[in-house]
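S.K.: Position chain B relative to chain A; hints supplied.
From first to last, the protein sequence lines are chains A and B. Using our numbering, the first residue of the first sequence is number 952, and each one after it goes up by one. Using our numbering, the first residue of the second sequence is number 952, and each one after it goes up by one.
It does not matter which identical chain is used: a pair holds within one copy or between any two.
Straight-line distance between alpha carbons at most 16 Å, and here's what the computed EDC-like set of lysine to aspartate or glutamate pairs gives:
1) Lys1263 with Glu1227
2) Lys1092 with Asp1054
3) Lys953 with Glu1138
4) Lys1263 with Glu1222
5) Lys1011 with Glu1028
6) Lys1043 with Asp1027
7) Lys1043 with Asp1068
8) Lys989 with Asp1029
9) Lys1043 with Glu1064
10) Lys1211 with Glu963
11) Lys1090 with Asp1058
Bear in mind the hints are in silico, worked out from the structure with no lab data behind them.
2 protein chains.
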Amino acid sequence: MKELSKLLGYREEIRVVDATMRDGGLVNDFHFSDEFVKALYMTNLKAGVDYMELGYKGSKEMFDVNKFGKWKFTNDEDILKVIGENKDTGMKLAAMADVGRCDYKTDIISRSESPLDLIRVACYIHQIPAAIDMIEDAKRKGYEVSCNIMAISNAQEGDIKVALDMLGQSPVDVIYIVDSFGSLFPEQIARIAHLYGEFAEKYGKQLGMHAHNNQQLAFANTIEAVGDGVNWLDATYNGMGRGAGNCYMEHLLGFLRNPKYNLFPVIRFIENQMAELKKSGAVWGYETQYFFTGLLNQHPRSAIAFTKEGRKDYAQFYTELLGMD
Amino acid sequence: MKELSKLLGYREEIRVVDATMRDGGLVNDFHFSDEFVKALYMTNLKAGVDYMELGYKGSKEMFDVNKFGKWKFTNDEDILKVIGENKDTGMKLAAMADVGRCDYKTDIISRSESPLDLIRVACYIHQIPAAIDMIEDAKRKGYEVSCNIMAISNAQEGDIKVALDMLGQSPVDVIYIVDSFGSLFPEQIARIAHLYGEFAEKYGKQLGMHAHNNQQLAFANTIEAVGDGVNWLDATYNGMGRGAGNCYMEHLLGFLRNPKYNLFPVIRFIENQMAELKKSGAVWGYETQYFFTGLLNQHPRSAIAFTKEGRKDYAQFYTELLGMD
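Isolated chain A, as found in the complex:
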């Protein structure tokens, strides 16, 4: 059982990361209006959010800048134009850089010349060496750096241990537990957090949690991780994120006890901006089809297609998914 003090007290080391524009951007191809972004930024400041992730550092060689909103690329000049320099606010700015989908050597400039503070490297487990090259590059440029190892529910424990040992020896600051498919139960999160914790302790790293809501467990898995010593917590407004979405920011701030966090500005933003976003056609959040892919530990792409096609033949879809196993 978790200590009672963890229910009523709080850990100063907790960091809340707003991933709305990054994971949520996967829903609307990053077409957020400047007004939305500015309002979200102001809300995060009021809510006490520690890090705001603005989007991806996507390669302009690989992705058509005319097809995506600007936060697929998160150019420094766009940040400065929409948000400003973000000086002395107490909140830090982040962008995600995917292994193999980012020209990090040229597109990520020195931190001293950028409004960004944190580079979040994302990779699959077989890409750890490439991730470490990106981590070292970002560290040399002065950034805080985290690493998301994605889709670990499909990885072997032996491989995960090797990856954690390699990351431990790298200059990365934070290693994330990522439940990409929303397939993990809290009992498994506890076990994974314990495993990651051994390496975090050995190498002096922080741990993070990034959850998906396929089985309506994103919040539960996130607070399970809190109880297991994980300090960096991803959340998004209204749970906006790919497919079934993520841990809801409002749930997480309602749970955390540090008085620096404020729920009320989040509520106002949900009323004013998120409702509008939904009306404009952005679709995310728990539905039966996402439960299926989560339960079967599969990538949500087939459930996303099911949603887009307006299908409702759940039994047929489930049978198709079983055929993919």
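M.R.: Quick look at chain B alone, frame taken from chain A:
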């Protein structure tokens, strides 16, 4: 941490209780068509559900039989007409009897003459003596009997201990942990299950879990309870239940490892019947307003009113709720 064997193995003692018609009936005033009820019954049989709760044994003195569907009253003759005798199916039938809202002495007949097997007595903590009178009455008539102590998130631990000790000495078979307001976190469920477990062990009782989904924790709290030794688990199709609803039957059957449980018939029923029910205007499930009442540990009635009025002014509503504290 939970034992690994609890993740991959299973406990024979687990009992799944389908509460769709009872808690879900609060959404549509128990207006389920006979076809729906018959199909649900057949589905539960195929899915391996252990108990099917058909509705309330509501007092016909207090409630107008013309205003509610028949499952507000769950007359034996209606069960026989729609479902039949339910002989030798392996699944048992249940009805809920609320303290103070049920003429149990006359309306609950001897089990040998009724298709019902289980009487679920529901009470608030100050009504335990009345609940015990009902428990003894139902036991004398030959039923299995459970007791739901509602709204314990607002009760004092000292009072709960007294209640558990009284129930322990009664002939009740199962004592339910009930998170009426959907306000409890899994860490609290663990603590409560531990407390209930002391009395269950002392008096040889089983424990049950009935969760609400206000913070999207109904499933998480239910499987937390499983890990804590709770064997009787309430769930509803698509989570249908008052306000934010309950633990989803599909999630629970996806989690449980006993091969007697089958998810597929549940999926087919969701496609064929639950979608139709939603189209007909029945509204339930997680929404922001239910999160507020859950977080603030309040009865969901104000959030239900907010929903019915079609309000979307979340910030104003939250402010109103704070004023009720």
